[in-house]
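These protein sequence lines map, in sequence, to chains S and V.
The numbering of the first sequence is the numbering used here, which starts it at 1 and goes up by one.
The numbering of the second sequence is the numbering used here, which starts it at 1 and goes up by one.
Keep in mind that the hints are not guaranteed to be accurate.
Computed spacing ranges between beta-carbons, pair by pair [stated by the list, open to error]:
no. : chain 1 : residue 1 : chain 2 : residue 2 : range
1   : S       : Glu10     : V       : Glu347    : 34 to 44 Å
2   : V       : Ser162    : S       : Gly160    : 24 to 34 Å
3   : V       : Glu207    : S       : Ser141    : 38 to 48 Å
Covered stretches of chain V (in silico footprint by chain S; criterion: 3 or more residues with CB under 8 Å from a CB of chain S, positions within the stretch not fixed) [to be verified]:
no. : stretch
4   : 358-369
5   : 380-390
These aren't lab readings, by the way, just hints derived from the structure by calculation.
Cβ coordinates follow ideal geometry from the N, Cα and C atoms, glycine included.
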Amino acid sequence: MQPVRVVDGEVTVLDRADVDTDQIISKKQLKRVERTGYGRFLFEEWAKEPGWHLPPNPILAAGRNFGCGSSREHAPWALEDYGFRAIVAPSFGDIFYSNCTKIGLLPVVLPEDEVRALMAAGHARIDLEEQEVAFAGRRVSFDIDSETARRLLEGLDDIGVTLQQEPAIDAFERRQQRHGPVTTAL
Amino acid sequence: MAPSTLFDKIWDAHQVAPGLIYIDLHLVHEVTSPQAFESLRLAGRTVRRPDRTLATADHNVPTDGSTAAAQIRDQLSRVQVETLESNCREFGIPAYSIGSSRQGIVHVIGPELGVTQPGMTIVCGDSHTSTHGAFGALAFGIGTSEVEHVLATQTLQQQKPSTMRITYEGELGPGVTAKDLILATIQRIGTDGGVGRAIEYAGAAVERLSMEGRMTVCNMTMEAGGRAGLIAPDDKTLEWIEGRPAAPDPLPVDDWHSLRSDSGAAFGSEVAIDASEVSPQVTWGTTPAQVVGVTGAVPEPASDGDRRALEYMALAPGTPMREIPLDRVFIGSCTNSRISDLREAAEVVRGRRVSAQVNAMVVPGSQQVKAQAEAEGLDDVFRKAGFDWRSAGCSMCLAMNPDVLQAGERCASTSNRNYEGRQGAGGRTHLVSPRMAAAAAVEGHFVDIREWS
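With the hints as extra help, turn the sequences into a complete structure.
Put into structure tokens, the structure is as follows:
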């Protein structure tokens, strides 16, 4: 994963609430076994609507509960491949939020009125280290889990980090009492 | 010691290190795993605990009775299922793919095999993993990067969610089901009311639910934004597990009975709902929170989202829900495809005929549910009534296999999501309980199951 520090640029507006991951990437694309090339299928159905306009700017601003529904990581893969580097919304689906942080696509939660102001401003600078979004001459801070922020800032490989704790995992398995046959014994 | 919640007890028992929790059971299916296995291979890593991992094919599986991946006509689907089979072979993971008598929807087969047990941490690359919380497990969906992380380490880096308790007082009325209870709950707390929270369902109405009903409730936790749904195990839970292939012998009765929230335990938030006021529910829009009692009408739009939903659903405000004509009926999905769901639906249609305007299908959640239903003669009841009796899979819940709605078709569905295009591009979904779906199939429109005879 590439480190994420600052995302600076124009803001694309998608002013809809409850945008589910089925809309972000259609199930038709979930049959692929590759990890790349999903950007051109982003919002495949909505893109057919007259007046649809979604320029691939660095920042996407959206309505409440963005990325709800299915756990498909194909949704952040598609948004990232399309060109977005950060998404700002009043709230996110839990799994979607987590999936974004795993691939270096920065999710930022701001109060609804601040998201509206950012949509109107059209340009913003998001600084992850400062946990701050600057737009229209103002600075608004946002919350993010410190460990998640650290991994994004340093572009860490999660599995590599966890494997450094292998002795602790071994010890946990030794002391854990479990019940019944394992899956390979059924 | 300070009183703690069921969630806290499971969480604390699985902390390997700060922010790192151990995963007892990892369920795998064909859609969200291929990229995880590929990355694992590229990094030269292996699967740490294949003996705590279990795979099945469900999303892509045709429900026409195919017995091998090679019979899947859609090339991409065939490759995805074959990829799952070869990945599992390579890494030594037990896989119940097409043709296995244990194949089925991942959230149906876990409990059915007894691998889902109280007190466990369970993950799967699927948002409806919350289903397993019905057994007092901490179960939640993860993305593909996390699937890879669990394969490699049997752990997850997780922020601890906060908690919410929803307590149901009173009794559900006759004909009102677990599905109606959870739909009414989602309407009450909203599509993001549970974001960042593990939700414990409690109260007399939940205790009275069957294990299948509890699974229906926990299954739809995600539709209220919840990370996980939990119900404390009781005698019913233990009876359900006993004797299943992966059940411990003897059951650790005392351990499992201790898995409940202590009196006085503090939750991040509390919600109280009177179950006796819940009526049979029907969704009218394109989120599960856009729902109303069957005796109600399509509401006036209150937002842009409502207006967009009404336009997509081709519904006018004020239309009585009972006058909405249907083209299709789907009984199935990880929400409502278990044996008791099928029994309830069969009771409704026994001796009756599906309306001439309706194309209706029943899709058992697993091969074992199918076999059990056939042993009880339920397949015969459905077939005689004019239902299509299918083989196990996710089927028309999500349109990744040949079972899809055509554009403009309107469907009463026992599944969990009524999003735009969820069951097929341009298709219109109304979520209901199995009984409501069965009665709607007979009449060709929704009816109040409490009065219908």
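Now the hints, each set against the structure:
For the pair Glu10/S and Glu347/V, the beta carbons lie near 59 Å from each other, so the given range of 34 to 44 Å is not met. For the pair Ser162/V and Gly160/S, the beta carbons lie near 29 Å from each other, so the given range of 24 to 34 Å is met. Take Glu207/V and Ser141/S: their Cβ atoms lie about 44 Å apart, and the range 38 to 48 Å holds. Only residues whose C-beta sits within less than 8 Å of a C-beta in chain S count toward coverage, and the stretch 358-369 of chain V has 0 of them, not enough to reach three; the restraint is violated.
Residue count for the stretch 380-390 of chain V with a Cβ under 8 Å from a Cβ of chain S: 0. That is fewer than the three needed, and the coverage hint is violated.
In summary, the structure is inconsistent with hints 1, 4, 5 from the numbered list given earlier, while agreeing with the others.
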